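Engineer: Chains as they are written, first to last, in UniProt numbering: chain X, 1 to 1069; chain E, 1 to 303.
For the record, the hints were derived by calculation from the structure and aren't laboratory data.
Here the structure is a predicted model, which is why all the values come from computation and not from measurement.
Heads up, the beta-carbon is just placed ideally off N, CA and C, and yes, glycines get one too.
Every clue listed holds true.
In silico DSS-like pairs for lysine-lysine, Cα to Cα no more than 25 Å straight-line:
#, chain 1, residue 1, chain 2, residue 2
1, X, K734, E, K202
2, X, K734, E, K135
3, X, K257, X, K306
4, X, K1004, X, K951
5, X, K734, E, K127
6, X, K427, X, K458
Just a sample of chain X residues kept apart from chain E, beta carbon distances all over 12 Å, derived:
#, residue
7, G161
8, E266
9, T507
10, E514
11, L531
12, G572
13, D654
14, E683
15, A723
16, G997
17, L1041
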Amino acid sequence: MLSAMWLLPYMILGGIAEALISVAQNEFFYSDQLPNSLSSVATTLSGLGMAAASLVSSWIVTATCRSWITEDIDEGHLDYYYWLMAALSLLNVVYFVWCSNSYDQNSPPSPDLLVSTCRGKHQRYIGKVKHAVFHTQKTGRKRVIVSTEQNVVASLDLRHGEIFWRHVLGTKDAIDGVDIALGKYVITLSSEGSTLRAWNLPDGQMVWETSLHSAQQSKSLLSVPINLKVDKDYPILVFGGGYLHAVSAVDGELIWKKDFTAEGFEVQRVLQTPGSSIVYVLGFIKSSEAVVYQIDSKSGEVVAEKSVVFPGGFSGEISSVSSDKVVVLDSTRSILVTIGFLDGDISFQQTRISDLVEDSGKAEILSPLLTNILAVKVNKRTVFVRVGGEGKLEVVDSLSDETAMSDSLPVADEQEAFASVHHEGSKIHLMVKLVDDLETVLLRESIQMDQHRGRVHKVFINNYIKTDRSNGFRALIVMEDHSLLLLQQGAIVWSREEGLASVTDVTIAELPVEKDGVSVAKVEHTLLDWLQGHVLKLKGTLLLASPEDVAAIQEMRMKSSGRSKLTRDHNGFRKLIIALTRAGKLFALHTGDGRIVWSMLLNSPNKFCERPSGISLYQWQVPHHHAMDENPSVLVVGRCGSDSSAPGVLSFVDVYTGKEISSSDIGHSVVQVMPLPYTDSTEQRLHLIADTNGHVHLYPKTSEALTIFQREFQNVYWYTVEADDGIIRGHAMKSSCSGETADEYCFTTRELWTVVFPSESEKIISTLTRKPNEVVHTQAKVNTDQDLLYKYVSRNLLFVATVSPKGAGEIGSVTPEESALVVYLIDTITGRILHRLSHQGCQGPVHAVFSENWVVYHYFNLRAHKYEVTVVEIYDQSRAENKNVWKLVLGKHNLTAPISSYSRTEVLTKSQSYFFAQSVKSIAVTSTAKGITSKQLLIGTIGDQILALDKRFVDPRRTLNPSQAEKEEGIIPLTDSLPIIPQAYVTHSLKVEGLRGIITAPAKLESTTHVFAYGVDLFYTRLAPSKTYDSLTDDFSYALLLITIVALVAAIYITWVLSEKKELSEKWR
Amino acid sequence: MLTMPKLTLLLFLTSLLLSSSLAFQSDELLLDDVEFGLEGANHRSTEPVFTDSPASFSPPKQKPSIRKRYSDPDLDSKIQFTLEHAFGDSDFTSAGIFSARLKTWSHGGQTLTKLRFLRNEFSDEEKDAFNNLLKGDDFYRIRLPSNVVTPPGREYVIASVRARCLPRDGLDEHIVIHMDGANILAVSYGSPGACPYPRQLKLPGKWSFNSHTILKSSEQAPRTPIFTEEILGSSENVEGEAEVPVERSFWAKYWMYLIPLGLVVMNAVTQASNMAEEQPAGSQGQPPAAIQRVSGSAAPRRR
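Model the full assembly from the supplied sequences, consistent with the hints where possible.
Structural biologist: Here's what the structure looks like:
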């Protein structure tokens, strides 16, 4: 006899499981893991499953277990029945494990610095390295501390190039010097020598920060004693802003300061002699008098002072060749002056460069610090000059000027070595030589180098002891494209594409269409592969996988999801982000996994231009209807030189291959590039480029483009903003250029209108137009009372913000009475001011976004001491007679009549201001393929995050107590400030350090928009402002859904048949 | 500002009426706008000052000069400034004169009031030039000084229109001058009606201008509403913060549990009472006896 109570544990367990699963399942169905549209379907499907299961269970009972379950419990085999149940449950568990295994919520970080969150990709960069300090003395983690032009101080792993820690300082907080003190602190000097910070070396925590008094602008200098002893006798010496400060390395306490502001003294060198407390400070007064101070490092008292006037004057370039000697160029740049300041005495020694080098022109002292050797650039060659004991100079070697050199570094036996790198063909040659004996080459390596990295800009070397006890060297090199590479043992150990930290312009391009037969997904899988894959997955699920297995699983998942394929997908999720960096390099990033598909450094079309700097990026050719076989291309507009009158360079780059199709020196300057709304038969877009002479040039220079342009000649207008003068001018085309140099593609223009802002009260701080390719779906807005408001949608609207000249400075530098902000909406064809609104007591900076018929702008309200956001919506009143919806439906409207800017405009503007709690770096708006989806503002906050704010919150029609009808329309009750909902950060917990811009582009799927943010970091995500109402998820298995439905139908049918049979047999009995 | 376009439209209509019905045409101001100027108490008046002058007589040609004379002790001064025009790319010549009163407020601000416009009639050469513009669909350009006190100020403010937009019955023009104190920021120039794109060549019936001028200064942005605490509190609730639920009674909260519980209890009680009824019966006599008794009592009835 068995007690029925034995069933109790099973029942309890089942009950608990049921309770857990039903809640969790419901949660899952309505979470954001599942598309909204599928939630209800899934719920009902699970209900259907239950129903089917009941049928199946009755079938099992009737068909198979008749002998087991009997009237008399002792006769049957109830235990068999339960065994069957257990077996089925086990099967279910296996199936469940298999399902949950292929469900990929968050993929863990992959090894290549790419942090994948569940939504969005984030890449961390540091920027172009300025200084590097190695820290390899101790055992443990070998690291290098770098400071960059993007104001980042970072600690990198020497083995893999990963970032241990990193701090992005403010944009005005440029780093002047970095060093390691006491073997445990990283000392940085920034903001022109006025901020000194110490960071803990292992973890990057800030230890102390000292702000130093600064009276005037001067160059800054950081001198950290090499002594490892914790001692106040050896303070950190900082010169900046006319003061010499001594700061304790331990706690950042200011020990003393010496005022040099009165004399106009510029410190050039600070010499701390180990073993004595006397510090020698060498500096120049008015570039003609050399002064050396002996200062007691304990008290800051001047012990002795000596000054000698040098009649020729100094040019300011200086190189210290030994602890007590510096070499300076005189003001004519033809004489090298050796200044010895040993023991406080000053001695000059002059040597003419022409005595050293034949036919010498102007010389230039190069930056590397080499002991007893001076590197001078003369006649496009680098000349090494040895400085003898008595200041005698002699030339020891010369190299081509394209050689980059490192500072010298002490190696064994009191010797010093330095590294030089030069190019030869596609290889770079790294040489490490002894300073004292340039013939001795300690290391000679040749490394194959990618042509698209350009020349070597900087070299930093570090030595280590090899396994055979000899000296080994590793070199950190900074290339022309800002990339950072570590060379060791003749190979590139790691490289970082730091050019991506200074993206200047971005455009988004399509991937190629998937062609028949070349699909990446159709790689044949054998059954064995398939099985192995599943074994691997199972291992991963059961936590048995080794790291290699995990990597393999990752790779497999990537492949199977197809996210990183190089073909266009159905939803338009896979795209190429083309980014132009400050170094003039183009990168194509894949939206699927953020990898670099190709990169290309701009080439100079002629030899007069060393390396053009990239200005902007345009879609040149987007194959659309015709010319589908052509590859799309982008136009990169560059410039040879830094000033705006420098000749421009155009480069056309194939988007698929990353190859430059052609590049040309256009022979005129580039002030403004205007893409025209016309394309030629090969889908090349017509562009106008304005130069400094007021002429415009048509591109491409083909006769077809010319005929197209001539047809629309009358209707081409453009405008220029002269922000410094406060004038906006409108222009129209006039005629072809006359003159000898002009060709038929050059045109003169005439001035049509001007807007002159009074210079004493208004200064232009921001101008903005709509995105030219934005799509507006609805032309009208239906009010609650069935009235229509027509949006004034014009491509020719310009938003201008001006501020009182006094208020153009920092926030809070003026009183509210002194500053006013005025915003304008100007029609750029006729120069009409359509809207003008002045905000008294407000100040810039103004960040604005312009979309459809509205502008949202952000500024500071001095009266309220808060940031404000104002929205302006502009509606067309001239079409107001078509107000009745019925007229619209019945077709009695005049909406199809073309609208001319010359018609008198009657516009209605609605505007509303809200407080906003945060400072803003950039604002963008989502854009979708058809413009149906509601919009979200993407606000780049001061915390380097991106906040998505529904446009409904900045609707000017919000009222305090919306009526029922208005509520139904979705109008939110009026509040005085905009809400910042923490869940609305699209960056989640990530930060896009140094955020500078946000780019949005539509996907093919209407609900979805691509968002790409750049700064020092890069961030990419896809957003669905109104949720993905039009699609299932990427990896939704239609097959599984079908199979389930088919199986259910089959089960129902079988059960029905069986029950029929059974009923029949019952009746026969 | 909503009423403004309607008002101008009305004025425009009346002016049309006047110009067509009356043989006598005067440059008299139809509306004394001193009130308008005074109405806005501050110098950045939001009300536009407008004049409407169907002008067709030609005054003796004047050199573009500015006469300034102080008439009142309260720092009001009469000023004049010239409207100049150009045909296509020709040089600018005088086309008419604006005269106005410049009011200087005690706090230093200045406003222009009582604007009148006197347009010169086209000379024969100008008519020819304008006809050429019409044929070529070229631009008719006008300009004003950017400062009315010290013309031309920093630079001239230019506006232009396709010449084919102007001719109607006569030549209709609509000038909107955007002012900031004594500075002219911009001028909008065009026809008062629509001018759709394929512009048809149409010669003017009369060579007289119907000019409508509006003076506009900048609008003040309304101050951002600041709500009191209670409104703020209630509005924040709407913004998605969890609304504090009203404290409900114990019964209101748990009735769905209490009713079944009550039912169960009642059931149990009735069960128990039944048991209690049966139990004493069982204890008093033997159950078989009871059955016997029942059957016994029933048996005689059957019989």
